[in-house]
Each structure stands twice: as C-alpha cells, then as structure tokens.
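As they're listed, the protein sequences go chains A and B. Residue numbering for the first sequence follows the working numbering, beginning at -9 and increasing consecutively. Residue numbering for the second sequence follows the working numbering, beginning at 212 and increasing consecutively.
Any given hint could be a false lead.
[Said to hold, decoys possible] Each computed DSS-like pair below joins lysine-lysine, with the alpha-carbon atoms no more than 27 Å apart:
| id | chain 1 | residue 1 | chain 2 | residue 2 |
| --- | --- | --- | --- | --- |
| 1 | A | Lys66 | B | Lys247 |
| 2 | A | Lys268 | B | Lys335 |
| 3 | A | Lys134 | B | Lys305 |
| 4 | A | Lys268 | B | Lys345 |
| 5 | A | Lys163 | A | Lys64 |
| 6 | A | Lys261 | A | Lys66 |
| 7 | A | Lys268 | B | Lys305 |
| 8 | B | Lys221 | B | Lys387 |
| 9 | B | Lys319 | B | Lys376 |
I should point out that these hints are in silico values taken from the structure, not numbers from a laboratory. None of these values were measured; they are calculated from a predicted model.
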Amino acid sequence: MLILLGIYFILAISLQLAVGFAGLLNLGHIAFYAIGAYASALLALAGWPWWLCFLLAGVVAMIFGFLLSLPTNKLKGDYLALATLGFSFVVYVVALNWKGLTNGSLGLPGIPKPIFFGFIFSDNFNFLLLTFFVAFISYFIIRKITSSPFGKALEATRDDELATRILGKSTFKIKSIALMLSAFFAGLAGSLYAHYITFIDPSSFTLTQLIPIITIIIIGGLASLKGTIIATIILVLLPESLSFVGFPSSIVGPARQIIYSLILLWILIYKPRGFYGKVELE
Amino acid sequence: MNGCSFNVKKNAITALIGPNGAGKSTIFNLISGIIKEDAGKIIFNGKDITHTSPEQISNLGISRLFQQTRLFGNLTVKENLLLAVNNEDTRFWKNLFSINKTTREEEKIKEMLKLVEMEEFENKLARELSFGQKRLIELARTILNPHSFLILDEPVAGISPKLRKKIAGILLNLKKSDATILLIEHDMNFTLSVSDSILVLEKGEVIARGTPEEIRNSPKVLEAYLGGQTKS
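Isolated chain A (complex conformation) (with noise of 0.2 Å):
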C-alpha cells in the first residue's frame, strides 16, 4: 500500500504542476502513467536494463507530452479537458488493439523488478525505498520549478495568460514545458508501477484511475505541493482503514470511490481551495 501511497504522489503532485501551477485542466494524464508503464515494459521484456527503461519511460511521456501540447497549445478550461480526455481514450484504445506491441487485452506479463548495478529489488521493503526515493527527488524537482521565475511565469500564465504575453513571454513554450514535464514524471510513475506489478493491461489505465489522483490536488489545494502530500496520504489510506475495520473486499472496493467524492463535495461546498490551495476551483 505505502508503495502504490508513493507512485500515487508522483502521479498527483505531476498533475498539479499542470493543473494547479499552469492552469491547464489535463484529464490525459493517465496516458502519460500509461505510456510510461508500457514503454518500460516492452524495453524491459526486449532485456534493456532497468534504469534506463525508467528513464526512458519518462522520456517517452515527455515527448507525448509534447505531442499533446502542439494541437491544445490554445485550447482552455472545458475544451482542454476535453482533449486531453480525448487523449486518454485514444491511448486506451491504442494500448487495446496495438496487439503486436501491447499484446492487447492479455497485458504484458513477466516485467522484471528493478536492477541496479547488481542489486534486485525484489522484495517490498527495498521496492518501497526505491519509490519514496523517486518520490523525493520528484518533489524536489517539481519544488525547485515551482518556486523559481520559471515557476511564478506558470502561475501567470494561469492567472492571466494574454497579460504573461504581453510581459514578453511566450505562453505556447511555458505550456509546452509544464505538460512535458508533467507527462515525465507521469512516466516515470508508470514505469515504476509496471515493474512493481510485473504485469500491466489497458485496464490499469481507464479513466477511473485519474479520479484519485485529480481528487488529491483538489483537496489538498490547487498549486499547493505540502497540500498535496497531505491529501495523497489521506485519501490513499483512508480507505484502507476500511480493511482493518472488518469490511470486506467487496464493499472497500466500491466505498472507496463514495469515500473520494464525499470527500471531493465536502471540500468543493465548503473549502473550494483545498487545504492549503492558493487558487480556489472555477
């Protein structure tokens, strides 16, 4: 659990660098997590080694990112959404029919875990250091970003891009970067999800997947990273507590999903910034 707990939070605080610092309402982040997971995968599975599957992974997000960036770069608000939305579903299909590649519906089993120079991490502990470590260097990335000019230029172009224009900068390149980078970490997410399975489909990556993680930057506050970790850590064990109460399965599962949008109307009503959001929710 604390391992998905640490792919959930890479996955959320690299929405939010899209989302709550750029402004751009991307609903395709789940392809990226996708691509990534299925680029290490296959590179994995063809004998190339771990770490540079993992990075590759991120790379290849990063260039979807990019991709993706091109034909939305004017689109705002609804209309991103629905085309990164879009994206999704595409991906999905792709990842779906693409047999040759993805081996379509029966998924690529036999991902190997992690190898670095000699060191397997085969067992969950040393898995979950290996996630909290990437975590953290992700956070301190996206921390560094943020809090730089390059990160206040993001928060313009959330707030007012025509005014970020008129400042001399140009919006299309800030745009461009932030989903590139929020597509990387998204990658590397996936890749690390992939080799913690061992064994992914198309189901790991339906839009169902995006609702936990766009709720954990809505609760923890848009453009607020301490609000993210909060809301990661909340709303991925909260459920589990469920577990410890006696429930079964069967009704985590779906309690799960009711516990995530009470809590998203609760906060929606009353706290329409998150916890610590700058930026309250259109």
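Mind docking chain B on chain A? Use the hints.
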C-alpha cells in the same frame, strides 16, 4: 478601423481621445498584436510589426497597460512586478539549476513601489488589493516592463485626484528619460495637462490632430466629443 493613419512622435506624450466605440482600444489591440490586421501596416522604429505576436511586440520594447485590470491575482504584488522585470524566467534549464538571485530586480521593484506609494503592499496578493491599488500596481508593472514605447489605456481611471497628479509626474519623468507614450484617457483635464499632442478619433477615423490648445479650441472636436468638459 477606417483608413486610420497617424504617427506618434518620439520622446513625447500623445493622447488618443474620442467617444466610446471610436476605436481607441482597437488601435491598442492592433499595436500590441492582440488583434490581427486585415489591411494596413504598423511601423515601429522603422520596422514593420504588422502580424507580430504580443510577446514579440513586448520584447521589441512596447509595453501596454490594459483598460481592465489584468494583474495575476494569485501572485503577490512583488511577484507581479518581478515578472515584468525578469526577462529570463522562461529559460527552464537556467531556472532549474540556478540559485534564485533577484537582488537587483528587487531594488528596482522597491523603488517603483515607493514611487507609487505602495511599499507596504509588496507581499500582499494582487487579488486582495482595492481597484485603485490594482491600477497603480498594473501601471508600475507596465513601466517596469522594459520599453521604449508605452501604450496606456486609461491610466488614471479609478485613481484618486492626489495620485492622478503623481501619475502625471511619473509620465512626464518617463518622457524626459526618452520614453514615448501613447495614452487613452477620458479625463480631459489630465490628458490636456500631460500631452504634447492629441489625436481625436471617431468611428475608426482620425478626425483631428494637434496640440492640446488646438484641440481644446477646435469646433469640430468640441462638437464630436469634448462638449463643455474643458470649458470650466
């Protein structure tokens, strides 16, 4: 616009006046690249800037103040101003690997805030300011944006009389330091006091041009726009 053609004199303040809907803000939108021209040309410092993007126009040295307040509401006053001063904030790799040193820029900002008498608001979020305060900070941001040509759309709208005087002084000082200013302003007393020349626009056409004195006494202008506003 309708066959509209005019020159703006260097190192001078030119005012653009006219009734609502005359096309004043449209001219500003054309100059700053927000609206694409159907026909005609815009020449800046001998260079054709027709069909140039807003960011390129800004980087050529044209800085614009909007009629509606367009501050970045979720950023502080200081961060808003830093965005105007810092030209390297979109260089991603430089920003990622450098330690943030903004001392020189911060000095400039402090000076500007002192000038508009808003030093104590430096760390306040822009959305928390009053309308007049927002207007002053936006004017400060426009001035801090590196420029040789300022286009100001109603710079003193919503500003107290005391601060109007202050802004008039700031604009006159900018002119002395080689800036060229084109402004739209409905407050005729302010316009007549700071401008070197005035262009009168009606239905997308320049119907009169001249010094403030000439415009004040032009029967055509009085009929079309001014009415009795400056007679008192």
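Open item on the list: Can you confirm whether the C-alpha distance between lysine 66 of chain A and lysine 247 of chain B stays at or below 27 Å?
Closed with: Measuring from Cα to Cα gives roughly 20 Å; hence the hint holds.
Open item on the list: Hinted pair, alpha-carbon criterion (27 Å max): lysine 268 of chain A, lysine 335 of chain B. Please report holds or violated.
Closed with: holds (13 Å)
TODO: Please work out if lysine 163 of chain A and lysine 64 of chain A have their alpha carbons no farther apart than 27 Å.
DONE: holds (12 Å)
TODO: Take a quick look at whether lysine 134 of chain A and lysine 305 of chain B sit within 27 Å of each other, Cα to Cα.
DONE: holds (12 Å)
Open item on the list: Check the hint pairing lysine 221 of chain B with lysine 387 of chain B against an upper bound of 27 Å on the C-alpha distance.
Closed with: At roughly 11 Å apart (the allowed maximum being 27 Å), lysine 387 of chain B and lysine 221 of chain B satisfy the hint.
Task: Restraint check for lysine 268 of chain A with lysine 305 of chain B, where alpha carbons must lie at most 27 Å apart - done: holds (26 Å)
Open item on the list: Checking one constraint from the list: CA of lysine 319 of chain B to CA of lysine 376 of chain B, max 27 Å. Satisfied?
Closed with: Distance of about 22 Å is within 27 Å: holds.
Task: Proposed proximity, lysine 345 of chain B with lysine 268 of chain A (alpha carbon, max 27 Å) - done: holds (19 Å)
Task: Pair hint lysine 261 of chain A and lysine 66 of chain A, alpha-carbon separation not exceeding 27 Å - done: Between lysine 261 of chain A and lysine 66 of chain A the Cα gap is close to 24 Å, so the pair holds against 27 Å.
Checked against the numbered hints given earlier, the structure satisfies every one of them.
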